[in-house]
Amino acid sequence: MHDLLPHISAQLTNVFGSIPYFMPEIYLTGLFLVVLITDLIFGRRSVKLCKIIACTGLLLVLFKDLQQVALILDGDHVIFGSMLLLRRSAVFFKIIIDLLSFILLLNFTWDDKLKAHPKGLSDLYTISIASILGLHLMAMAINLLSVYLAIEMVSIASYLMVAYRSETALSTEAGLKYVLFGAASSAVMLYGISLLYGFSGSLDLLGIVARLPNVNPVSASFALVLVLIGIGFKLSFMPMHFWVPDVYQGAPTPVTAYLSTVPKIAAFALLVNVMPLFLFSADWKGIDFSIVLSAIGIVTMIAGNFAAVLQSNVKRMLAYSSIGHTGFALMAVVTFNLQGLSSLTYYLAVYALANIGALALASYFSNIVDAEEVEAYKGLGLKYPVASVCFVIILISLTGIPVTAGFTGKLFVFSAAYSAYEQTHSIWLLSLMITGAITTVVSLFYYLKIPLYLFLKRTENAEVASERSYNLLVLAIIISFLLVLLGIFPNSILKYL
Amino acid sequence: MITLTDFLLVGALLFCTGMYMIVSKRNSIQVLIGIELMLNAAILNLVAFGKYDKLNNGGQVFALFAIVLAAATTAVALAIVLNVYRRYKTIDPDEIKNLRD
Amino acid sequence: MTLVRLLFYTMSFIAIGSALYAALSKNLVRSIFIFFVTLFALAGLYVIALADFVAVTQVVIYVGGILVLILFAFMLSGRETLNVIEQHKGKFINMAKVPAVILAALFLAVIVNIILKADADKLPWVKQAIAQKNEITPTSSTIDNIGVNLMTTYLLPFEAISVLLLMALVGAAHLSRKEGRA
Amino acid sequence: MGTALLHTDQTIISYTIAAVALPLAASIINFCLPVKSKAAGWISTLAILVGCVLSAIVFARVWNQQPLHTQKLWFTIGNTKVFAGILLNNLSALLLLLVSLIALPVHIYSTAYMKHDDRYSRYFTYLSFFCFSMLALVVADSMVLFYAFWELVGFSSYLLIGFWFTKDKAVQANKKAFIMNRIGDIGLLSAIIIIFAQFHTFDIDALFGQHGLVKFMGPDNGQWAFAPDRMPSNYGSVWTRGAMTTLPAIWQYIACAGIFLAVAAKSAQFPLHTWLPDAMEGPTSVSALIHAATMVAAGVFLLGRVYPLFTDTELTVLAVIGCFTAFMAATIALTQNDLKRVLAYSTISQLGYMILAMGVGAYGSSLFHLATHAFFKCLLFLVAGVVIHEMQHIKEENNLDIDPQNIQYMGGLRKKLPLTFIVAIVGSLALIGIPLTSGYLSKDGILIQAFEWSEGRSAWLKLIPAGALFTSWLTAFYVSRLIVKIFFGEFRLLKHHPDIKLHISDGGWQYRVPLILLAVCSLFPLFSLNPFFYEKAWLFESLKPAEFMARENIYHTIIPIGVNILSVFVMYAAYAIYVKRNTFSFPQTGFFYRLSYNQWYLDKIYKKVIVKPILGLGKTCFWFDRNIINGLIHSIERLSRAVADLTAWCDKYIVDGFLHSMAALVQSIGNFARKFQNGKVQYYLYSMLLIVLVLFILKILI
Amino acid sequence: MNLLTLLIFIPVLFALVIVLLPSSVRGSFKYITLLATLLQLGISIAIYLNFKTGAATAGINHEDQFQFVQKLPWIALNLGSMGKMQIDYFVGIDGISVTLLVMSALVMVVATLASWEIKSNLKGFFLLFLLLDMAVMGVFCALDFFLFYLFYELMLLPLYFLIGMWGGVRREYAAIKFFLYTLFGSVFMLLVMVGLYLSVSDPATGSHTFNIIQMMNPANYAQGSVFSAAAHQTILGMPARTVGFVVLFIAFAIKVPVVPLHTWLPDAHVEAPTPVSIILAGVLLKIGGYGIIRICLGIFPEIASSGAFWLGLIGVVSILYGACNALAQRDLKRMIAYSSVSHMGFVLLGIASQTAEGVSGAVMQMVSHGFLSSMLFFLVGVVYNRVHDRDIYHFRGLGTQMPQYTAFVMVAFFASLGLPGFSAFVAEAFTLAGTFKSPTVNGLLPYWMAVCGSVGILLGAAYFLWTLQRMFFGKVSLKGGEVWKIALTDVSIREKLALIPMAVAALALGLMPSLVFGKINDSVLALIQFLQAK
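Residue numbers (the working numbering), protein chains in the order written: chain H, 1 to 497; chain L, 1 to 101; chain P, 1 to 182; chain G, 1 to 702; chain R, 1 to 534.
One chain only, chain H, in its complex shape (with noise of 0.2 angstroms):
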């Protein structure tokens, strides 16, 4: 104790001084016992109350984490002694999270499935708000303790919304698969991170990456690796993606557009803040993460695309597709550039808007026909004309085909990649980008799949149900509306990235 007494008041002074960089989240924090306290008070009823409180508490952090805009403008913070490191691209990425999370929170209870459920879904929202804190923390995580922890909040809470409709057993099903390959994955990644902390003596990443260089090389690249599967686990790359047709397929719908998106933006946000620490010190010796990194994406980018040809299942496909889009961001990743940076930035944002309004869309038309499967689609296009071109529109978005956010986001990354690749001429990269190329073909082939059989397959029932579920066409539309938009002036985005 007396040796730490004279460091006392300056790690108080810090403490203080950190939390005017941290108001997003202390705002979040008071949310999210505002959301509890509602919950338990108000018990099953409250599923409205909590949904307003929720959004309009998160619309209240959005409008802090734009106020931290301002804060960034003079450098990088860390702050509370090195747990956190608040820069640029967090501050995007938190931002990013908050809309897509509201757009999230509005959602849950436009699916019937979920809104069915008999235990309410007030409980929904109190765990998703202590997610989206756990994702702020991954975005800005900068030592191994933040990190783990950051994981793990985000993690648990994910489970607890898989599993979330316990009366159902596929969501119970998917939550237990999730929950063992997490617990799993996690406890590897927890001995990686002793072992990182072993060979280096401190938690703090740049403390590490400047001490491991006196370790052994092949010793700490395993330690690396051991936490790369834990970072892995989030972003579901190759091969720790085998959970994810699965948990995505059994989930309720909008939980699958919650853990499809917000949680991969946050670990690839993780994924940056950590990545090139190692990469761009001089003194690694250890194994080139750039090449491992680009190996994965490539096995990722096929893995998923191909898989996801076979699918039949809606949600199953757009989970495989899901991996396939991870495997193409980390090309964006390998680039370990600033225009790789943004380019991720702008990539991921528009894939998760497209993929929630996918799943939205998925949801509305289980909503009103009961459609799970791609083939009970046939016919539907003629039908419900305007979810049916939202639908199309949003998977061209996915594909990456013009005028839509998808293809320009498709067109920085590359242009990232190529840039990197003028420089190194490393041959991952033109491997990355061909196999890009080519899985974006074979994307088409199941993406596809829904307009066929919503439009050019024929069917021959007329009827057509009551159009409930207004909310999630709205949504939908919204959504395809700003996709068009940002493919046609990327710029409005773009360049505050």
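All the given hints hold, so there is nothing to weed out.
With a straight-line cut-off of 35 angstroms between C-alpha atoms, the simulated DSBU-like cross-links for lysine-lysine are:
id: 1; chain 1: R; residue 1: Lys496; chain 2: R; residue 2: Lys485
id: 2; chain 1: R; residue 1: Lys475; chain 2: G; residue 2: Lys115
id: 3; chain 1: R; residue 1: Lys496; chain 2: G; residue 2: Lys169
id: 4; chain 1: G; residue 1: Lys167; chain 2: G; residue 2: Lys415
id: 5; chain 1: G; residue 1: Lys675; chain 2: P; residue 2: Lys26
id: 6; chain 1: R; residue 1: Lys52; chain 2: G; residue 2: Lys72
id: 7; chain 1: G; residue 1: Lys675; chain 2: L; residue 2: Lys97
id: 8; chain 1: R; residue 1: Lys496; chain 2: G; residue 2: Lys36
id: 9; chain 1: H; residue 1: Lys457; chain 2: R; residue 2: Lys479
id: 10; chain 1: G; residue 1: Lys38; chain 2: R; residue 2: Lys496
id: 11; chain 1: P; residue 1: Lys26; chain 2: L; residue 2: Lys97
id: 12; chain 1: R; residue 1: Lys30; chain 2: R; residue 2: Lys123
id: 13; chain 1: R; residue 1: Lys30; chain 2: H; residue 2: Lys383
id: 14; chain 1: R; residue 1: Lys479; chain 2: G; residue 2: Lys652
id: 15; chain 1: H; residue 1: Lys51; chain 2: L; residue 2: Lys97
id: 16; chain 1: P; residue 1: Lys97; chain 2: G; residue 2: Lys675
id: 17; chain 1: H; residue 1: Lys378; chain 2: R; residue 2: Lys119
id: 18; chain 1: G; residue 1: Lys115; chain 2: R; residue 2: Lys485
id: 19; chain 1: R; residue 1: Lys119; chain 2: H; residue 2: Lys457
id: 20; chain 1: H; residue 1: Lys115; chain 2: L; residue 2: Lys89
id: 21; chain 1: G; residue 1: Lys115; chain 2: R; residue 2: Lys496
id: 22; chain 1: H; residue 1: Lys64; chain 2: H; residue 2: Lys115
Far from chain P by the CB rule (all over 10 angstroms, computed), these chain L residues:
id: 23; residue: Lys97
id: 24; residue: Asn98
id: 25; residue: Arg100
Pair by pair, the computed Cβ-Cβ distance ranges are:
id: 26; chain 1: H; residue 1: Ile478; chain 2: R; residue 2: Lys71; range: 31 to 39 angstroms
id: 27; chain 1: R; residue 1: Val504; chain 2: G; residue 2: Leu46; range: 24 to 32 angstroms
id: 28; chain 1: H; residue 1: Phe489; chain 2: G; residue 2: Leu701; range: 49 to 57 angstroms
id: 29; chain 1: H; residue 1: Phe489; chain 2: R; residue 2: Val504; range: 39 to 47 angstroms
id: 30; chain 1: G; residue 1: Lys169; chain 2: R; residue 2: Arg170; range: 33 to 41 angstroms
Just so you know, these hints were derived from the structure itself, not from any lab.
C-beta: ideal position from N, C-alpha, C; glycine also.
Got chain H; can you put chains L, P, G and R on it based on the hints?
Only chains L, P, G and R this time, still in chain H's reference frame:
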């Protein structure tokens, strides 16, 4: 003198035992136990190394957090396992495979 | 010193032995109870590593919390589980487990390899810590140090984990709740 | 662009344009008329009449004068300016007049001949269109335009052959004709392109005119090079049009081969001649105009246009092929029973003569023969038309199931159709080349010059004039056979159907006037006041080559005499043979025979020594024609079809199969990736850990 | 308002009108579309008439020589270390585009007239139709690669649905095949495009640019960039510029299409409804040719020269292979589809020759084929609409049954097989002339290619005449008997209205090739000069 390597080796053995459990046991709860074993292996490492980090207590604090997190994870996992049992009347992970290609 | 060493070996032996038994046992109940032993042995090892606070936490949370939880779960899931599993009783070595054994063995080989390669005791930072007296000695009390650290350096994780625990609580409660009840 | 145009030239040009355009106008008007409108015939006839007059004026002005050449920029492609214009020299003026002159009677004749057809105005639309194409072909000054009209001529012929498009044979025939012509067209196109690549111009005058480029270039040292020794002293501005690039010499041969191909296709030369007999499925009047007189002459005309391009060797090849064609077609004609087919083969044979003449350098004679042949062959076809028309009449009146064109059913029509008979005799004599007819003049010219040409050449080449000579006797034979079968003897149909009524006559004035007109034109006075010396013909005099030899050698005397005596003999033989058979019942027809006491003896000799081998030869040739040449064409067709099927198969299974295998590959990769997804979470974990570990180990080891 | 912009976006305006109109007035959609296309035609003709010729407005590689230019900054991003990204809305035309524009506008009108046959889901159909229309016009006008690509890809989706929703029995297969094929090409095109973009910088602003014209200037390539001619970079062991050229070429070759990348075409054409077949054959195939000229040749001139032999070879193979395949077909539409392959082979051959005659012939062939193939497909549609059968063997003697129709068919067939007087003749003849000239002028192609090309013309005659004989001549004999006989009425006024402009256009171009050559000549010469200068 007990060296760090000794601790690490013990940890490694525990870790691998846990790993063996999670891939082979036909019971979700045993799988969970396996995970706990792996976690403990990691905690052991942390604690062992923490000995040389007197000022910051990094290892020990991390160990504490890990234990708490393990508890939370286990609680959640068990809740899910119970639910699974209600739906499937079994907790053998291999039997639960409605979701598959 | 030799006593400590002896103690270390004993504890290690108990921990590993009981873990192996838990791993190999087909009987869930036995598995759970022998896991108690492992955890206690580990707590002992923590003490040997001069982390008494961690050891206490280990005992309190793991043994008192987690295992009890597991037992509850086991009991809630009823006897059927047990029965189903007991039917599998049979040979000690099961062909189906061979891949798992191989995996574990491979991992062990790799980990041991890298541990030996890393040569943990000669790591620069360890030497530095010893040189700077940044080493916990059996005589020093670590608890107050941990307390201060938790309130300063690790304040953020400390606060965050409270949110996490609350959330886990809410979630777990939600899942375990019977349907239809608020 | 040779000389500056005078005011009068301007008038001539406009006359020419009018003469060419009038049929087009008629065609367009007719196209707009109702299908059955009877006005169509007169519109077309009027157009061609006026055209004829204008052509005559043009001819009078241009003949033996400086060639007239005028052109306008048509379009520019790259740096190449493509001009369209009119080139009037002796050759084109002659053809211009000839075509309109032949077309006029045919038009008149057609108004009657096609009177009852359902698509009367269409017929005249096509006919006028043909006239337009042909006339334009004749006056065109640029190779591109020439090619264009060359094809249009083929196209209108296609339309006319298939005029009765419900007849399968007609449709087959016109397809065949078009494709055969198309082969020739490709040859011509290639030639044009080669010439363009070599000379960078399409201008016929600049290429083949008096100071034409072609004259100064020739195969040399493996290059189609510029020959300095042929360099003109006053080389024109054409030389400065862009740098001269030279092609390898082989392209000169290919160009010539291409042109020959075009000639062979249009003028029905071996081996592309088989379309012509089939083309007889069209209306007879069409056959008369197109497939006897004009279109088929286009090949010869083309040769005339590009004459300077050919080297001596190439000309020899031409001669050989012309000779062979002439001979082969003549032998085939011997045994045909279809009236029009006989005439068709005879046309081929005569065209062979013209090509032969071109080959041996008898440029003038060739064109002379072209002109005379046009008249008498047209005449013969019109005669055939009358005969067929009347036979058709009989057939319909008596509901008989006969082929109205089969000469086996005819005979003794001399009485029924007196005028027809007379003009037919005139036509045949002209075809055989008996003195006092135009045919004598032109044909003898060819024969004599062929002999002259063979002087001092390889002995094998002597076969050419010999073959030509022999062919002329064969001609005499089959023509006589034809005439005898039709007009002499008894009406054989009566033998089988004794009760049929015969209400037939020469027909109305629309039939008579053209026949008479053409018959008159088939006699010598139109061409020469001297009925015996071909070189005195004005037409020949204007066209003869500069180095023409005057009557210096023996050929000039021997050949006409030899040919004619033997021809008469052959005619008699034919007469004897074919009339003789029926002599018993019709004694009045066989008085020549009765006069001869050893008639049987002669008959036997004829039969055994002459007739049988000759007939056999004819049959063989026909068989060869049908089976080998046509078979070749068919097998090419079959081959192309097989190739087509193969490519289709290829497309379906190999190219598409590749695509499908790609899809299968995608599926298999997908399946592989899916295999891991068996729903067992522990398996997932196991795979994950194992993969990570194995990769790590590999990475470290490698 | 810039005329080109107006031309491109008119369809969108009308599409908006259609979107807003209720379905109860669906009968008026076709008239609205017709109005839009007619308006476009009017504008395109105005552009054509106001198009200035002369060496000073040749275009090709001089930005200031393009006409009707509109250039607006669109996407401009500061990418920090990577420099600035510059994407402009940059449209403009030179001689090569202008004729294709007019042709496309006319084809669109005809396609609209052919759309009368569409009976179901009119709103969707005409919306997609107009979208496609916009994309097509955009492709021909775009001078910014990004913009070009955008329009290029934008064509895919409407076509997919147009084929897939209103097509024949195997429409799904055809639509997907088409989509995948084209996307395959264009995805890789995207990669090259990005590479080019990063290699080229605009000398005026210094930022990277997608400007096609700037890409043509070797001086604008950054030192050592992937596609810099001076840098001799390699990709996968092959010279980078060669790879770039090949990739772009494949992308466009799929559109053209050339053997062996053509198999989407017969399927797509056969299954597509008539208006879509018309657009496919009339306009879309031209985009491939146009792309090769504008982009492949423009950006990689030296590769185009060194690879000319292979280009020509592919062209020749396409000519012959397509013709042979056409000969083997018994589905009329399929036959015509394969004939398109054959005819488009000439385009490639002409382009490969890199002579003024060859390239002009190629452009002419594109324009000519635009009219003729549209006409042919329209004609097939006429029969198909009446009896829903296209098998050549099922018809006989249609000449008696439908005389006017037969007349149109004959015009179309003979024009297609290269009868003088029609546009195809001029095009093919000069393509071959250019090809033949090539060995002496620039030594790119061997002589025999011209010869083989002319054999293709012959084969063309064979299959067209065979069809004519089989289907239209002879005695009437129909598979469907009396029912068909009643159904097979002669062409209606509307059909005539659609057919006559095409026939007249083909004829006019045949008689006055200067209508096309006059406009393209300067550009072609500039292109040739550019190619020679390299």
